[in-house]
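Asks: Here the protein sequences come in this chain order: A and B.
In the numbering used here, each residue carries its 1-based index in the first sequence increased by 91.
In the numbering used here, each residue carries its 1-based index in the second sequence increased by 746.
Hints in this document: simulated from the structure, not taken from any laboratory.
Mixed in with the good hints, there may be bad ones.
Unchecked claim - With a Cα cut of at most 25 Å, we get these calculated DMTMM-like pairs of lysine to aspartate or glutamate: (1) B:841 / B:776; (2) B:841 / B:778; (3) B:902 / A:111; (4) B:841 / B:929; (5) B:841 / B:934; (6) B:841 / B:937; (7) B:841 / A:176; (8) B:902 / A:149; (9) B:841 / B:818; (10) B:841 / B:796; (11) B:841 / B:912; (12) B:841 / A:149; (13) B:902 / B:964; (14) B:902 / A:179; (15) B:902 / A:167; (16) B:841 / A:126; (17) B:902 / A:168; (18) B:841 / A:167.
Each chain, letter by letter, is given below.
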Amino acid sequence: MRISFQRAYPWLRVGSRGPDLVCQQVVELVTDYLEGALSPADRWRFEAHLEGCPHCTEYLAQMRETIRLAGRLTPEDLTPAMRSDLTDLYRQWRAEG
Amino acid sequence: MNRTGCGETVTGNPRPAYQESDTLPAMEPDEELLRRLRAGDERAFVTLVERHNGAMLRLALSFVPSRAVAEEVVQDTWLAALRGLTAFEGRSSLKTWLFSILVNRARTTGVREARSVPVADAGPVVDASRFGPDGAWAEPPELWIEEAENRIDAVKLADLLRVLLDTLPARQREVVLLRDVEELSSADVCDVLAISEANQRVLLHRGRAKLRQALELELGGAPR
Chain A
92 MRISFQRAYP
102 WLRVGSRGPD
112 LVCQQVVELV
122 TDYLEGALSP
132 ADRWRFEAHL
142 EGCPHCTEYL
152 AQMRETIRLA
162 GRLTPEDLTP
172 AMRSDLTDLY
182 RQWRAEG
Chain B
747 MNRTGCGETV
757 TGNPRPAYQE
767 SDTLPAMEPD
777 EELLRRLRAG
787 DERAFVTLVE
797 RHNGAMLRLA
807 LSFVPSRAVA
817 EEVVQDTWLA
827 ALRGLTAFEG
837 RSSLKTWLFS
847 ILVNRARTTG
857 VREARSVPVA
867 DAGPVVDASR
877 FGPDGAWAEP
887 PELWIEEAEN
897 RIDAVKLADL
907 LRVLLDTLPA
917 RQREVVLLRD
927 VEELSSADVC
937 DVLAISEANQ
947 RVLLHRGRAK
957 LRQALELELG
967 GAPR
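Isolated chain B (complex conformation) (with noise of 0.2 Å):
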């Protein structure tokens, strides 16, 4: 046991209220805290946990159906991690690595992926309607950015926005979260989920373009 004076009281750093990532203040990076890990430290452990259980747990939420199962999907995903940590490469970031560990178990888990019926969703993402014989808007879109950027720092609109996202069918959420939430690039997003590059663009779109219709149909209304 190689513990160090930290082991017992943890009073980590409280995770900075950030609202975008790239304000947030210098990080040790997680290459370093994985290096003090594999020394025993176990405040690094903790330190990796309030980075990105936050992440996992939301990731977690997208596959199962309840809070208790998704906590403990994240628990086996941190478990795996460390007794696979000699393993990990750093072929991919850290927070990719937990993501592909994550899924794994979710799906093996995941009642709320099985439950929900693949449907051909193909056909165009703006109702067609909206559009004249010549394929010209006939009801062009709505103005709403201005109002999200006025809003962009009430809670209400980041609540919207979560009921939004966990409304879209289960492959175009966890689609959409990865990329654009958590941001990950498109080939991690088709690694985690083991999907082909066209397939994932495929469920970006139609996802995406949901949550524009939905924006637009809460915040729209500007005369046009």
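So that you can see chain A by itself, here it is in the shape it has in the complex (with noise of 0.2 Å):
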């Protein structure tokens, strides 16, 4: 689903006048960059801009590290109580037939 950053962040109060996006405009509309959620028309917007601000570009490569970084957080490894708990678990589940 699209909808244009105008309804997304009326708050913002993006002139009607030109295409062009300011820097505060465009860290709100990262997010729906990234996800693939701007119309064909914002998104033209967003990379225009992004080609001439080397603050925006940074700004939008430290929101990539940043999901990066999550990515690479490890669950913590399974304790032997907790294996024993359910491999217990799974053994009153057999019979409860």
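Now that you have both chains on their own, put them together as the hints suggest.
Replies: Given below as structure tokens:
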């Protein structure tokens, strides 16, 4: 589902005059951009802004890095106690028939 | 009873301490383990537990206030999964199915989520004071990616991220956890949490932005 950023972020008071996005709008569109949820026109405006803006390019890269770091978090290993509890649970379930 | 030979002493392979999921050695797929489990193979159950229990516990901890309660929720989930084994049709992955059961159970126990007041968390994700009157950066992002990459294998960075994740508002934390940590698709996240795509995207946006902000604060400081 695509929604325009004007509907999603009405408080940004997007100028209806020109097609250019400002940095403050771009940072609010980053997730919609990464999720492929922008309309083709908004996507174009987003990318046009990035081309001329190293700070927003850095912001987007940092958002990607944040996602990457989150994806590297490993869950804890199974403790022997939980393993034995769950093995018991399985055997009880088998015994239920 | 259809006990297989490996019933009594389970000496399963410990899960490798992997960093990236794509470096995992080839594993027996969940579907095959489910087939063996349906045929009464206890060892298959233990392998599934080794594979999924950690992520389930982490998710449960996001909903309930204590580790003891979280462990209970996880055990309840496994029991419900065993009882519903014949109903599982494999339309979602096993992991997504287990997460759905878990979230339902956790929410009925969900002291932590009930406690957190749903605030009208609107407004900008980057403080407005960092932009000039023209909407351009006045105080641009501090550089920190290189610092993060240098520290990427340090336990401390992972611990920091866990703490940051834990400080997110409950609903944002749940979405970030499922989407970015567990790497579920957005459709699966919506199913598991019973929220709309648009809602999911807003929560993801706010949660990720807060994590980024906190990482900048923690790791940033390279001269602009």
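Asks: State for each hint whether it applies.
Replies: Against the structure, the hints:
1. B:841 / B:776: At roughly 9 Å apart (the allowed maximum being 25 Å), residue 776 (chain B) and residue 841 (chain B) satisfy the hint.
2. B:841 / B:778: Judged against 25 Å, a Cα distance of about 14 Å means the pair holds.
3. B:902 / A:111: With Cα atoms ~41 Å apart, residue 902 (chain B) and residue 111 (chain A) exceed 25 Å; violated.
4. B:841 / B:929: Given pair residue 841 (chain B), residue 929 (chain B) holds - Cα atoms ~11 Å apart, limit 25 Å.
5. B:841 / B:934: Satisfied, since the Cα-Cα distance of roughly 10 Å is no more than 25 Å.
6. B:841 / B:937: holds (12 Å)
7. B:841 / A:176: holds (20 Å)
8. B:902 / A:149: This hinted pair holds, its Cα atoms lying about 24 Å apart.
9. B:841 / B:818: holds (18 Å)
10. B:841 / B:796: holds (12 Å)
11. B:841 / B:912: holds (22 Å)
12. B:841 / A:149: Outside the cut-off at roughly 34 Å; violated.
13. B:902 / B:964: holds (12 Å)
14. B:902 / A:179: violated (36 Å)
15. B:902 / A:167: holds (15 Å)
16. B:841 / A:126: holds (22 Å)
17. B:902 / A:168: holds (18 Å)
18. B:841 / A:167: holds (16 Å)
Violated hints, listed in ascending order, are 3, 12, 14; each of the other numbered hints is respected by the structure.
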